[in-house]
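K.L.:
Sequence:
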Amino acid sequence: MAKQAITLKIAGRSYPFSIESEKEEVYRLAEREVNGFLALIKQQNIRNWGEQDYLSMTALKFAIANVAARLSREPDDDDLGRLERLDEELDAYLNTLEG
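Under our numbering, read the sequence shown as residues 80 to 178, first letter to last.
In case anyone wonders, no lab produced these hints; they're calculated from the structure.
Treat the hints with care, since some could be wrong.
In silico PhoX-like cross-links for lysine-lysine, where the CA-CA straight-line distance does not exceed 20 Å [unchecked claim]:
1) K140 with K121
2) K121 with K82
3) K102 with K82
4) K88 with K102
5) K88 with K140
Label pairs and their calculated CB-CB ranges [said to hold, decoys possible]:
6) Q122 with R152: 24 to 34 Å
7) I85 with L139: 41 to 51 Å
8) I89 with E153: 24 to 34 Å
9) Q83 with Q122: 27 to 37 Å
10) A109 with T175: 23 to 33 Å
We treat Cβ as the ideally placed atom computed from N, Cα and C, and that holds for glycine.
Start from the sequences, fold in the hints, and give me the full structure.
P.N.:
See the structure below:
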């Protein structure tokens with residue numbers, strides 16, 4: 080896979096990366112998303128907050144979204160119970176076909 084050098088600008092600072100060419104769009108979209116959310120937080124003009132505070136809240140927002148997405152994909156007890164019942168029903172059905 081071909082590597083390429085790109086520079087992303089986050090919160091006014093430039094960061095160089097060497098990435099696989101086909102991942103550039105993902106990096107660019109992430110750059111826009113981070114800067115966009117950072118701008119929204121900064122509009123709140125929270126007193127005594129500096130750049131690090133705004134960046135920390137931006138990071139927290141994305142971490143919360145990541146955890147929520149991961150948790151929503153994990154089956155809960157109800158899901159597991161339904162899957163077990165479905166498995167039993169399938170076994171029973173398949174047993175009737177054999178007999």
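K.L.:
Determine for every hint whether it applies to the structure shown.
P.N.:
Cross-check of the supplied hints:
| no. | hint | result |
| --- | --- | --- |
| 1 | K140 with K121 | holds (14 Å) |
| 2 | K121 with K82 | violated (34 Å) |
| 3 | K102 with K82 | holds (10 Å) |
| 4 | K88 with K102 | holds (16 Å) |
| 5 | K88 with K140 | holds (19 Å) |
| 6 | Q122 with R152: 24 to 34 Å | holds (32 Å) |
| 7 | I85 with L139: 41 to 51 Å | violated (26 Å) |
| 8 | I89 with E153: 24 to 34 Å | holds (31 Å) |
| 9 | Q83 with Q122: 27 to 37 Å | holds (34 Å) |
| 10 | A109 with T175: 23 to 33 Å | violated (53 Å) |
In the structure shown, a violation is registered for the earlier hints numbered 2, 7, 10, in ascending order.
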